[in-house]
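Each protein sequence line maps, in turn, to chains A and B.
For the first sequence, our numbering begins at 1 and goes up steadily by one.
For the second sequence, our numbering begins at 264 and goes up steadily by one.
These aren't lab readings, by the way, just hints derived from the structure by calculation.
Since the model is a prediction, treat every value here as computed from it, not as a measurement.
Nothing false has been slipped in among the hints.
Distance ranges between label pairs, derived from CB positions:
hint: 1; chain 1: B; residue 1: LEU565; chain 2: A; residue 2: LYS84; range: 33 to 43 Å
hint: 2; chain 1: A; residue 1: LYS84; chain 2: B; residue 2: GLU513; range: 23 to 33 Å
hint: 3; chain 1: B; residue 1: LYS419; chain 2: A; residue 2: PRO245; range: 29 to 39 Å
hint: 4; chain 1: B; residue 1: LYS466; chain 2: A; residue 2: LEU190; range: 28 to 38 Å
hint: 5; chain 1: B; residue 1: GLY554; chain 2: A; residue 2: GLY41; range: 43 to 53 Å
hint: 6; chain 1: A; residue 1: ASP58; chain 2: B; residue 2: LYS466; range: 16 to 26 Å
hint: 7; chain 1: A; residue 1: GLY182; chain 2: B; residue 2: GLU354; range: 49 to 59 Å
hint: 8; chain 1: A; residue 1: ASP58; chain 2: B; residue 2: ARG412; range: 35 to 45 Å
hint: 9; chain 1: A; residue 1: GLY41; chain 2: B; residue 2: PHE351; range: 24 to 34 Å
Below, in silico cross-link-like pairs of lysine-lysine (DSSO-like), each with a Cα-Cα straight-line distance of 30 Å or less:
hint: 10; chain 1: A; residue 1: LYS84; chain 2: B; residue 2: LYS466
hint: 11; chain 1: B; residue 1: LYS419; chain 2: B; residue 2: LYS313
hint: 12; chain 1: A; residue 1: LYS80; chain 2: B; residue 2: LYS466
Positions of the beta carbon are idealized from the N, C-alpha and C atoms, including for glycine.
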Amino acid sequence: MTLADGRSPDPPRYFPSVVLENRTLAPGTFVLRLSGCGALGGTRAGQFVMVRGEWGYDPLLPRAMSVMRVENGFSELLIKAVGKGTRLLERSRPGDRIWVLGPLGRGFPPPEARRQVLVAGGVGLAPLLMWAEEAARRGLQSHATLVYGARTAADLVLLQDLRSTGVELMLATEDGTAGRRGRVTDVLPLDGTPRILACGPTPMLRALHAMALARSLECHLSVEEEMGCGVRVCLGCALPGTERPFLYACSDGPVLRAEEIRW
Amino acid sequence: MTDLRVSAFGTSFATPVLAASGTFGYAREMADLTDLSAIGGVVTKGISPKARAGNPAPRICETAAGMINSIGLENVGARAFVTDKLPFLRESGTRVIVNFFGERPDEYAECAAALSGHDGIDALEMNISCPNIKAGGLEYGTDPEVAGRLVEACRKATRLPLLVKLSPNVTDIVALARACVQAGADGLSIINTVSAMAVDARKRRPRIATVFGGLSGPAIKPIALRMVYQVARARLGVPLLGIGGIVSGEDAAEFLLAGATLVQVGTANFADPDAPARVCRELAAFCAETGVARASELTGALDVDEARLPYSPGG
Numbered sequence: 001m002t003l004a005d006g007r008s009p010d011p012p013r014y015f016p017s018v019v020l021e022n023r024t025l026a027p028g029t030f031v032l033r034l035s036g037c038g039a040l041g042g043t044r045a046g047q048f049v050m051v052r053g054e055w056g057y058d059p060l061l062p063r064a065m066s067v068m069r070v071e072n073g074f075s076e077l078l079i080k081a082v083g084k085g086t087r088l089l090e091r092s093r094p095g096d097r098i099w100v101l102g103p104l105g106r107g108f109p110p111p112e113a114r115r116q117v118l119v120a121g122g123v124g125l126a127p128l129l130m131w132a133e134e135a136a137r138r139g140l141q142s143h144a145t146l147v148y149g150a151r152t153a154a155d156l157v158l159l160q161d162l163r164s165t166g167v168e169l170m171l172a173t174e175d176g177t178a179g180r181r182g183r184v185t186d187v188l189p190l191d192g193t194p195r196i197l198a199c200g201p202t203p204m205l206r207a208l209h210a211m212a213l214a215r216s217l218e219c220h221l222s223v224e225e226e227m228g229c230g231v232r233v234c235l236g237c238a239l240p241g242t243e244r245p246f247l248y249a250c251s252d253g254p255v256l257r258a259e260e261i262r263w
Numbered sequence: 264m265t266d267l268r269v270s271a272f273g274t275s276f277a278t279p280v281l282a283a284s285g286t287f288g289y290a291r292e293m294a295d296l297t298d299l300s301a302i303g304g305v306v307t308k309g310i311s312p313k314a315r316a317g318n319p320a321p322r323i324c325e326t327a328a329g330m331i332n333s334i335g336l337e338n339v340g341a342r343a344f345v346t347d348k349l350p351f352l353r354e355s356g357t358r359v360i361v362n363f364f365g366e367r368p369d370e371y372a373e374c375a376a377a378l379s380g381h382d383g384i385d386a387l388e389m390n391i392s393c394p395n396i397k398a399g400g401l402e403y404g405t406d407p408e409v410a411g412r413l414v415e416a417c418r419k420a421t422r423l424p425l426l427v428k429l430s431p432n433v434t435d436i437v438a439l440a441r442a443c444v445q446a447g448a449d450g451l452s453i454i455n456t457v458s459a460m461a462v463d464a465r466k467r468r469p470r471i472a473t474v475f476g477g478l479s480g481p482a483i484k485p486i487a488l489r490m491v492y493q494v495a496r497a498r499l500g501v502p503l504l505g506i507g508g509i510v511s512g513e514d515a516a517e518f519l520l521a522g523a524t525l526v527q528v529g530t531a532n533f534a535d536p537d538a539p540a541r542v543c544r545e546l547a548a549f550c551a552e553t554g555v556a557r558a559s560e561l562t563g564a565l566d567v568d569e570a571r572l573p574y575s576p577g578g
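Put together the whole structure using the sequences plus the hints.
Shown next, in the form of structure tokens:
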């Protein structure tokens, strides 16, 4: 149940982790490597954690982050500094304490021996790199193509890690400085009716949503909404559903099937 | 070892610290993340006679030391609550207070009746003050006469202890408090969220779909303390439940000193699901450190030179 469901077999835990390394990959884009994350061992690609540093009451709420890697009690998060909370995380140093709640939510379906196209926009890459590394471990990398897009070449990060997975890699930049010029949705290889797995900015997800519904493609989208708690008590991260009035990004998702969402 | 036990409206509580409505779901959501038996109790998500779907997104936004929400009182409805949610709460090892409301005046009494006669509910908390439903709570919660009639109707509909959660969005909270107590309220929860708004200047749009929402978190603690103190000073003869921006044990102590018998931890639960239990531990430590044997001794023990009060609340 848990594997197909994209959920960890373990319940979420709330615990303090310690920053081991804060690695800058591009201006404003960084990877936090955290220790003390044994509770995240069963995390599935696409699941997330709520994280918060010890910075007082402002900002008050934790930040939702897809998990990029878990191994031997360590975890890695790929973060872009866009607001108050992520800018504080960007300044965190080795030894700083970060409170973690997770693993949370429903992740992507696991790799299978069938044609799959992964679509990553910006730091939406994190859960798809995790998925690709899982595919490589299971010898299923040849079935997947990862289309990875950003504004400009400098924002394309972790390319070496992506290449190591053996998953076919297609790059796209809006300014044409690397890979194909344009958005990821302009360059998708849709031959062979692939299953689509995507994570990135909402406009990208909406475009994929429309495309998947029009072509009847199986499509799994990792959605992003303003989130307060991560555990379905604040009910803040609602988005309109087809079978129910609202879905919650934190617990019904963050990975939802396109046909579940009423966009 | 500090004694945190307290008793209010005929009910004993292991500690004076409860989890506030709308921040703890139906408790099951938090059970893996905290020890429910370590806290005084849980106030459930607000229940209405029929299920409600809630408001469109965006429903929340973060503000300085706080957040604004407009969830729209989404809930499973009274019947589903009793069948699906109450069994877990009953076995949770903590006190259970069910927050409830109606979309129309007659639905309040209907809901109070529907929630009565079931094992596992220790008290009801009437929400006459949620700013987030159209033609809803706010009007009831701002007019003492209307609020009094509503409380009176619910009083007749249930034998459970009946608490009323008051709105801070009023000129004279003491007048409202008095009307509710005269109509039969057994306790007052002070305060609900503060009506508020946030603007995204770059998009030139409000940051909440319903434009206005309710502000909560540490940003509102000073407002809440002032209102708890005002109502406590009016000596209405019922226990007060202090709510508003409590994050630490010392915050809880401040509310007790201002006159609260119990406190509720709300928005802090979003940042820390263990917050109510942590506040209990910190309150015990605060008491030990300041030479207080029983936390209940703090209630109303604020040292105030009343001659210095600039105006006379409830006078």
